[in-house]
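Please take these sequences and the hints and turn them into a complete structure.
Per this note's numbering, the sequence shown starts with residue 1, numbered consecutively.
Hints are computed from structural coordinates only; laboratory data are not their basis. One should not assume that every hint holds.
The calculated label-pair distances, taken between Cβ atoms and stated as ranges, are [claimed, not checked]:
#, residue 1, residue 2, range
1, Ala111, Val84, 34 to 42 Å
2, Ala249, His115, 17 to 25 Å
3, Ala91, Ile212, 34 to 42 Å
4, Arg128, Trp215, 28 to 36 Å
5, Ala232, Ile212, 34 to 42 Å
6, Leu59, Pro188, 16 to 24 Å
For each residue, glycine too, the CB sits at the ideal point set by N, CA and C.
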Amino acid sequence: MPGDPIFYLVGWITTLLMGIGKGAFGGGLAILGVPLLALVVDPLQAAIMVAVLIATMDLVAIGSFGASTWSKPDLAWLIPGLIVGIAIGYAVFLVVDARIVTLIIGVITLAFTVHWFLRGRTAPAGQRPVSPPFALLAGTASGFTTFVAHAGGPPVAMYLLARGLSKTAFVGTTIAFFMLGNLLKLPPYLVLGLKQPQALWATLALLPAAPIGVWMGRWLHERLDQKRLFFACYLLLAAAALKLTSDAALALLR
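See below:
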């Protein structure tokens, strides 16, 4: 187990933040996991740790947001896209510059959030019908970015928010979607973890904070009305898209 108190301070705060985001919004704060943990451990170890922690949070969150909260018509199109996106990310990772694709997704998501803050909040309320082409596209983009950048949230959140689901259906559907995606990504990270056992020991030290964070997020979810929760979701989406865009742009410039 790590003996550095700074590791526990940064690690527990980071894990709690990711858990709160999972329980309250279905995600959105996991994108902060690797950069924050990389302050106290090696970046590769941070990526391994986040993969295990997020998968654990999904298992806890699914208990609070069961099948009755999922929008199954959306998942029927999102999940095939997710699988295709992860496969594409794996297949082209060494051939195509993933930074360019990530940059494009980040810019599109930023434009979507800017439009909502400028005009979308005045649009008529109500649920829009399922759009199979956009669901497939969002699922594929999310699968790709979750594989290459651990940042699959923006595309699927952009699609589900535009659908106008209830706050609980939005969060439940997001959790169900990413539980599958994170479980698909977990085996390769566990293989890496066997080569870096210190990362697995460090994860074990932070694991108790995962369910605590999810339960705190669920408590927050219950107390935020739908308008405030979605406003917070759009803020998180804008922040995640901004980070995705800036990271990809800086990586290309370097």
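Outcome of the hint check:
1. Ala111 to Val84: 34 to 42 Å: At 24 Å between Cβs, range violated.
2. Ala249 to His115: 17 to 25 Å: Since Ala249 and His115 have Cβ atoms about 21 Å apart, the given range 17 to 25 Å holds.
3. Ala91 to Ile212: 34 to 42 Å: Once the Cβ atoms are compared, 38 Å apart, the range 34 to 42 Å for Ile212 and Ala91 holds.
4. Arg128 to Trp215: 28 to 36 Å: 32 Å Cβ-Cβ, so the 28 to 36 Å window holds.
5. Ala232 to Ile212: 34 to 42 Å: Violated - the Cβ-Cβ distance for Ala232 and Ile212, about 20 Å, lies outside 34 to 42 Å.
6. Leu59 to Pro188: 16 to 24 Å: Given range 16 to 24 Å: holds, Cβ gap about 19 Å.
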